[in-house]
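S.K.: Residue numbers (this note's numbering), protein chains in the order written: chain U, 1 to 487; chain R, 1001 to 1099.
Worth flagging that the hints you see were computed from the coordinates, not collected in a lab. Note that the Cβ used here is the ideal one computed from N, Cα and C, for glycine as well. One should not assume that every hint holds.
Claimed, not checked - These stretches of chain R come out as covered by chain U in the derived footprint (C-beta under 8 Å, 3 or more residues):
no., segment
1, 1007 to 1018
2, 1035 to 1044
3, 1056 to 1068
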Amino acid sequence: MLTDLTLTEARDRLRAGAITALDLTRACLDHIRAVDPQVRAFLLVTEEQALEAAEAADRRLAQGDDAPLLGIPLAIKDVLTTAGIPTTAGSRILEGFVPPYTATALERLFAAGAIMLGKTNTDEFAMGSSTENSGYVVTRNPWDLERVPGGSSGGSAAAVAARMAPGALGTDTGGSVRQPAALCGVSAIKPSYGRVSRYGLIAFASSLDQIGAFGRTLADCAALLGVMAGHDPKDSTSVPDEPPDYTQALTGDVHGLRVGVPREFFIDGIEPDVERAVRAAIEQFAALGADVREISLPHTRYGIHVYYLIAPAEASANLARFDGVRYGPRAQVKGMWPAYKVTRGQGFGPEVKRRIMLGTYALSAGYYDAYYLKAQKVRTLIRQDFEQAFREVDVILTPATPGTAFRIGEKIDDPLQMYLADIFTLTPSLAGVPAACVPCGFDAHGLPVGLQIIGPAFDEATVLRAGDAYQRVTDWHTRKPQIAESS
Amino acid sequence: MKIERETVMHIAELARLQLSEEEIELYAEQLSQVLDYAAELQTLDTDAIPPTASVLPLRNVMRPDDPQPGLPRDVALANAARVIDYQFVVDAVLDSTSS
């Protein structure tokens, strides 16, 4: 089946003329029609535009154009703006919003020949770890439809896992690409903060947000990142350095690579099956000739405290713009201030309101020093932990999550329990360093386990090389959920 | 630390969020829970530690001062609930009965 091809395999066949972009795109759209009524990964399928783009890609292919993603269909998280195509951020407050411009990362992918299949579901404004906070629909995990796909990029992760798209885009503020990748058994990378332009990414926490890529292999993610990365004059936090060729970095060789295993990530509360699979993956690196050693990241346990002050504080400021004046539905209430309050009270869902409240509190007079400033100082300690560690090692391996996919509804009423689902992905986000997730096994229920690979700032190349080398000698990433067979 | 309902209502006012009675009760409880958890940070001595606002070494990013066309006015206004003469319209601020 065409939908079984990885992104890299599809690209090679498109270039060789063995398949056409139109056939591949049609196969994805047919598979979405067959599978997505159960998974609910997509908020919008842009079939007509996708078929047009596929025909255009085939014309370019026929002319010998070798743009890096020519003819590759992708699923796009619905927090990235797409000119002329509705973009909701998973929120009712943006229902009906049609952006006037396209995110820079997407413009680059489209210029490289990629085809958008549609917009995928997300926790509202990317706030959540299960995609249950979407204002529209609950996405289900393709491995077990009674369980969550993780979040917030749950729609994109589920779309790739169920073979509805060979690749997808997500966004990651505290783990929103890596955690759903782990729970859905797909590969993903969150690049360093500053590597990919955030222009057109609807902001959640501006000092943390990054666009990341999903694929079935980390080599697929490297191909997507290579196109998206690089300076953008429209985002002053995108760094000026020229990114390396990530695909070239995939040598398959990790001999002598210094691999750190932080003891603070193997804590009480981690599921035994997860620890077993991750430990086995670390052994695999040693077998490949890597130099594995235990390290310490002493402030790891404070990551959750710091994150759940800084991210809501930044969110409360960013989400002030949603007032029903310039976009989105507006409550029919007399008076400007009452209209703001009712528009926002009705438009935002419970988790977004909770975080706006928390962030407003942490920034308010009398509490700023005790909460927000304190969190920023401990953020420095967390960064220093990583700087110290990367003097001794090249990459760090950890579990991506403490557990596998949980049941729908299991944590939705307990915010603190939900926040703990991200405990292992928060600190790399706070430090701004790149981190990937690759499948490394299954638990006793047949649910995927993810390995997190963390690298020094702006060294995505080493992270990708390590993960790709692991995938060359393992087959976890080739496993396929039952639902992906139906068509 | 218990967050009182008056504090929740004050924060909601600052954030311009209309909350129901149930939400006020729920958030009072849940914010207390999350902030109690966050209080653990106070056990760390950070007096000599500078805060991190951004992980990037970039400072004072400038772009060339080349004028570029912005969005056309009708495109920029296309999503607005009310527009008059190419301007976003809100209700009168000073007439409003609530703060």
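S.K.: So which of the earlier hints does this model not fit?
M.R.: Violated: none.
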